[in-house]
Structures are given as structure tokens and as C-alpha cells.
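**Student:** Sequence:
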Amino acid sequence: MSTSQSWGLIVGGALFPLAPSVAVMVGWRPSFLRDSRAPAPLLGAVGLCVYAAVLLNEIPRLAAAAPGTRGTCSYVGLGLMGTAVGLFILYETLAGSDRRGRKRRWGGK
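Okay, so the sequence shown: first residue is 1 according to this note's numbering, each after it adds one.
Read the hints as simulated data drawn from the structure, not as lab findings. Just so it is clear, CB atoms sit at the ideal spot from N, CA and C, and this is done for glycine as well. Please note that the accuracy of each hint is not assured.
As the list claims (entries may be wrong) - Pair by pair, the computed Cβ-Cβ distance ranges are: (1) Ser74 to Gly12: 17 to 25 Å; (2) Asp35 to Ile89: 15 to 23 Å; (3) Gln5 to Arg37: 38 to 46 Å; (4) Arg29 to Thr3: 31 to 39 Å; (5) Glu92 to Val22: 31 to 39 Å.
Based on the sequences and whatever the hints tell you, model everything.
**Tutor:** Written as C-alpha cells, this is what we have:
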């Protein structure tokens, strides 16, 4: 992967998962989550885990770190991705009991 692609991943990661994740962690709830009783900060934690995994994968490559360091950071990033999946499953489990009681169409009607 080239240097410009790595920087693109870092900047794109800061724009897409990081900003909304931090907003959700501090209390903002998007319109599609307002009716849910499930804890929305779990989704913020998912986004932060994904962003941290991207950083752990790309920064050692940009710094031209030793192969052992890059491998270790990749394994830690993989663990963070697993944590993100686990948090998302937990959110869906908690939200599932809330969704069973209401029938909702895609248009919000």
C-alpha cells in the first residue's frame, strides 16, 4: 500500500467513523436511534475500536517500522476489530428485545 493510500485511510477514518462515534459517546443520538432503549454509546465504542484498529495497522507502515512491530500492531488491531464485532452483537442483542415490540417500516411510518 502506498503512502498516499495510508494517509487516505487515516483521514477517511477520522471523517467517517471517528466523528460520529465521538458524538454518540458524548450523548448525541441519531434520528434512527432515538426510539431505541438500547445503549447508543455501544455503537460509539464500536466506531472507536474500528478507528483505533485502522491507526494500529497504518501508522507502523507509514513509520517504516520493523516487520515484528507491524505484525504485533496488526494482531492488536485484529483484536480491536473482534472487540468491535462483540460490542455490535451486544448492542443488537439489547436492541432486539426493543424491536420485537414495534413494527416499523423503512420510511419511519
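**Student:** Next step is simple, just say for each hint if it's right about the structure.
**Tutor:** Tested hints:
no.	hint	verdict
1	Ser74 to Gly12: 17 to 25 Å	19 Å, holds
2	Asp35 to Ile89: 15 to 23 Å	21 Å, holds
3	Gln5 to Arg37: 38 to 46 Å	41 Å, holds
4	Arg29 to Thr3: 31 to 39 Å	38 Å, holds
5	Glu92 to Val22: 31 to 39 Å	21 Å, violated
Of the numbered hints given earlier, the model fails hint 5 alone.
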